[in-house]
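Use the sequences and the hints to build the structure in full.
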Amino acid sequence: MAKTYDYLFKLLLIGDSGVGKTCLLFRFSEDAFNTTFISTIGIDFKIRTIELDGKKIKLQIWDTAGQERFRTITTAYYRGAMGIMLVYDITNEKSFDNIKNWIRNIEEHASSDVERMILGNKCDMNEKRQVSKEKGEKLAIDYGIKFLETSAKSSINVEEAFFTLARDIMTKLNRKMNDNSSSGAGGPVKITENRSKKSSFFRCTLL
Amino acid sequence: MAEPGSLEAAAEHERILREIESTDTACIGPTLRSVYDGEEHGRFMEKLEARIRNHDREIEKMCNFHYQGFVDSITELLKVRGEAQKLKADAFQGRIEVLNGTMLYGELSLLHVPSLQCKNQVTDTNRKLQNEGKELIIAMEELKQCRLQQRNISTTVDKLMLCLPVLEMYSKLREQMKSKRHYPALKTLEHLEHTYLPQVSHYRFCRVMVDNIPKLREEIKEVSMSDLKDFLESIRKHSDKIGETAMKQAQQQRNLDNIVSQHPRIGGGKKSKKEVCAGSDLEVKNTSPMSEQDSGILDVEDEEEDEEVPGAQDLVDFSPVHRCLHIYSVLGARETFENYYRKQRRKQARLVLQPPSNMHETLDGYRKYFNQIVGFFVVEDHILHTTQGLVNRAYIDELWELALSKTIAALRTHSSYCSDPNLVLDLKNLIVLFADTLQGYGFPVNQLFDMLLEIRDQYSETLLKKWSGVFRNILDSDNYSPIPVANEEIYKKIVGQFPFQDAELEKQPFPKKFPFSEFVPKVYSQIKEFIYACLKFSEDLHLRSQQRAGGSFLLRLLLPLQDLPSSRSTEVDDMIRKSTNLLLTRTLSNCLQTVIKRRNIGLTELVQIIINTTHLEKSCRFLEEFITNITNVLPETVHTTKLYGTTTFKDARHAAEEEIYTNLNQKIDQFLQLVDYDWMAAEPGSRASDYLIDLIAFLRSTFAVFTHLPGDVDAHSTMSGKVAQTACMSACKHLSTSLMQLLLEVEVRQLTLGALQQFNLDVEECEQFARSGPVPGFQGDTLQLAFIDLRQLLDLFLHWDWSTYLADYGQPTCKYLRVNPTTALTLLEKMKDTSRKNNVFAQFRKNERDKQKLIDTVAKQLRSLINSHHL
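Going down the list, the sequences are from chains A and B.
Here the first sequence is numbered in full-length UniProt numbering, starting from 1 and rising by one per residue.
Here the second sequence is numbered in full-length UniProt numbering, starting from 1 and rising by one per residue.
FYI, nobody ran anything at the bench for these hints, they're computed from the structure.
Since we're looking at a predicted model, the values are computed, not measured.
There may be inaccurate statements among the hints.
Said to hold, decoys possible - Label pairs and their in silico Cβ distance ranges: (1) Glu107(A) - Pro812(B): 57 to 63 Å; (2) Lys55(A) - Glu747(B): 44 to 50 Å; (3) Ile788(B) - Glu107(A): 40 to 46 Å; (4) Glu747(B) - Lys100(A): 45 to 51 Å; (5) Gln593(B) - Glu107(A): 44 to 50 Å.
Cβ coordinates follow ideal geometry from the N, Cα and C atoms, glycine included.
Here you go:
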């Protein structure tokens, strides 16, 4: 079985129930949208391969149930995640306020160097907006996280969001690899072109 | 050009008139001839008449003025007559005296007593006598003259008497022509030609008349033909109005019949018909002023007509046809006329039967089309009954055949465009009315009623299409989560929509949840709506079938042998059941299957669909009851069709179950995309592969959430034990097979023991999962058996237990029963290849060399094993 990718990044979508996590993922993986709200039970995932700097990157994106009752199941997935999307709904103040709690969850359960990003979804519904863009931006700045307003329905900034997160993970990864090679410490570094990538992937996920 | 010409003629006429007035009567002849020779003789006649009227007035005036003189003259004349009488008598006396004198003379001469005196006296007397006689002779001469005159006068009178009727006839003819009474004119003409003219044919004016007769005939013919053409044109224009009226009357008749059938004692049918006629505010525009005088035939027929049909045909004045027909008959050109009429009407029929291309868009389009056709045939029917053979049965039947086939074809085409069930319903009513109307006129309409069956299918189809959309909407907009119930009110509302009884749920405190999602009560209500819609089509027909004396067409079509009183409701019941079955087994089934087969459907939806269809399946018997309540047909009745809804829901459920298994397998496949074994690894890792850990965690959490009810209010639906077990078993088998495939992959040419040990770690992870009882209800290590092939193969290789394998091969107690020698050989050869690659090292290590040898030996033995078992 030939390997069809260079890197595997595991991403996680978290946020309150109904903010549109599944829709964002559906838009990103299938480029489609479904208006009816079907709440996610437990956990689900989609895989999409993207290209960054000529590298094939498989994004395995985990979609978690926002409902409290699935919290034990979903937090188990924080650890393996390399990037986490924090999603709120711009038409729902409470979902925005809860971002802080979600960040606390990340701090508690995810690995310390996980890449994060805040998304204010449903930005197509401007007339029902409860959370201003500035407010979102400010929160992101406070936590030192990137921020985008998105719309899964109108396909605004969805690609950008995932690509940005993937690029940040990639950058971090490259930096680490450079550190490793400069320090001269052994470990599984480049033997052949192909193998080296795989090794780096393993290292990364095992961190 | 015409102006100066007519002026000239007028001057000429004036001159002639003067001439006539001034000259002696004897000389009038040539003058008149010049008039007759001229072309404007009609106009001259008018002038002459005017002049005559003038003179008449003058004469009258003059007469009045000289009246007394005239009377005196008459008196004088009378006196003269008396004198003349007297004179006559005197003359007679005188003659007698003369005779006497002669006799005396004779006596005297006999007596021989002549005397001079006497001779003188005689001479004197003779002279006197001569004188007297002269007067007499004059009188006689006068008398003779008078007699002659008298005879001449009477001859003239006779001749004139002979000529006068001819002239009178001629002037009557002219009169009739002028007032457009062409048929009487024709009769007069005939009379003139055959009775009067032959008697006086030698007169010059008569010859002129004879010459004129064919011209007049032609003129009449032309005029009546142009009348007919006008008629045809107007009939074409009015036929939709006629049709509309006829349909309206049929409708009223029907309504009345309904009332009558409800109160059978009120009035007979005929009376009610008359009432309808009176009631319908028909403007009978009998504008023909001469219809009465025209022909007796029409009147007689009309009376007969009144009884049979209401007066749609009264909208039209048919007299031009009748006149024209009579005229042509009289002229001996009846056949020409018939041909012409039929040809024209055929043409019109073709036009009428050509439906407008956008007819299907509105009911009005259909209505206009039907009106035209009805109008056409009402007219033809009237023509058939009021003329003798202008059109005959064969001709009408032929046209009717044509009409039927064309109409049905048109309906077929146009109704197929229709997607609005209400329009189809209206169309059906219109067709029924159309057929009824024409049946009232005696046309056979069975084919139209047969057509209604097709329309009914059409209706069903459009209903199904509509409901397909309805169901799709419901399924698309559903949230596939159990309906939450906050209070009693909502609970009652849902239970009112959908027959659901659960003592457990009833006992639970609010808030609680129904097990099914919104789509269950919605779909159930819509099925009921569909049934009502179906009923709409049959309801009216049902009514019709009771009225139709010839028996219900529905009866005829659906249950030809049924004759029971309840059969009509049975057919309706049957029809509804059949349509509902189509709705359930085709439309709803397709909609459900589409949702289930949707590419991105999740387990949530699938699990909920299983629950929902289970409840819908249970509700099928309530649908049966519902239909029974509507149609009053007990389900036990022989002819009732069962509802097949249960199969639809069962099939949907099975499809959803299958989809769950497929869905899980696809998820497993997605994990397997991430597989990244290092087949050349010298040492195994410390734990199972990353992807596999994720995979197992995913399966674990998925089965956890879909099998264990968390028990809180937000509970979602869960898989039934059996579905969960099957899903879990299927997932494990799929995983096991996939892993085996990975191991035996042709592309993996070589693998190390270290890699095999890493692989073993992954399989152990799987077995651990199987052992942990991810879903409840598995007996012992049933689930673990899914990995038994892999386990035995790995054990054989990791323990290097070839002696046992080869020794026990084929025995039921064999430890490696599940290991196929071919599989073992394939894997072994991959390991052998590895050893060869590492030849350099191998030569230094005895162990390696021994192992290499052993592999070769085992491979040989395996091959012979395979050969012996496959030969």
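Legend entry - Index of numbered hints that the structure contradicts, given in increasing order: Number 2 only.
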